[in-house]
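S.K.: Sequence:
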Amino acid sequence: MAVDLSRRLVPDGLWELVAPLLPRFKSRPQGGGTAPVDERAVFAAVVYVLTSGCAWRYLPPTFGVSSATAHRRFTVWTEAGLWRRLHRAVLDELGALGELDWTSAIVDAASVRAKRGAR
Numbered sequence: 001m002a003v004d005l006s007r008r009l010v011p012d013g014l015w016e017l018v019a020p021l022l023p024r025f026k027s028r029p030q031g032g033g034t035a036p037v038d039e040r041a042v043f044a045a046v047v048y049v050l051t052s053g054c055a056w057r058y059l060p061p062t063f064g065v066s067s068a069t070a071h072r073r074f075t076v077w078t079e080a081g082l083w084r085r086l087h088r089a090v091l092d093e094l095g096a097l098g099e100l101d102w103t104s105a106i107v108d109a110a111s112v113r114a115k116r117g118a119r
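When the letters of the sequence shown are read in order and numbered with this note's numbering, they come out as residues 1 to 119.
The hints are simulated quantities; they were obtained by calculation from the structure and are not laboratory data.
For every residue, glycine included, the Cβ atom is placed at its ideal position computed from N, Cα and C.
Check each hint, because a few of them may be wrong.
[As the list claims (entries may be wrong)] If you anchor each label on the Cβ, the simulated ranges turn out as follows:
| no. | residue 1 | residue 2 | range |
| --- | --- | --- | --- |
| 1 | F25 | C54 | 22 to 28 Å |
| 2 | R72 | L100 | 30 to 36 Å |
| 3 | R8 | P29 | 36 to 42 Å |
| 4 | A109 | T51 | 19 to 25 Å |
The task is simple: from the sequences and hints, build the whole structure.
M.R.: As structure tokens, this is what we get:
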């Protein structure tokens, strides 16, 4: 069941785009710490949390990744700009396959009030 869910969340084609974008695990020079975990399993766990709305602490153990590890990697990946680069890689891949239709698009924007004060 866990393998099916992981493969459904992160199919091979997506993983081929994601894997080269992930920051590499760096072991600490003094040793110790935790052993590296399967990056695909961590990515699948993060995708599960992000798409299901599940709280990090309730991440099912079937992913084989602790919720702390998944959250820590999510934070590192976010700070490294993974999600922006992945979005671009997916658009590039779809564009190369002729699968994008730019004849219509939706722009999401936010409005904020200007600050008062001197110009």
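S.K.: Of all the hints given earlier, name the ones this structure violates by number, lowest first.
M.R.: Violated: none.
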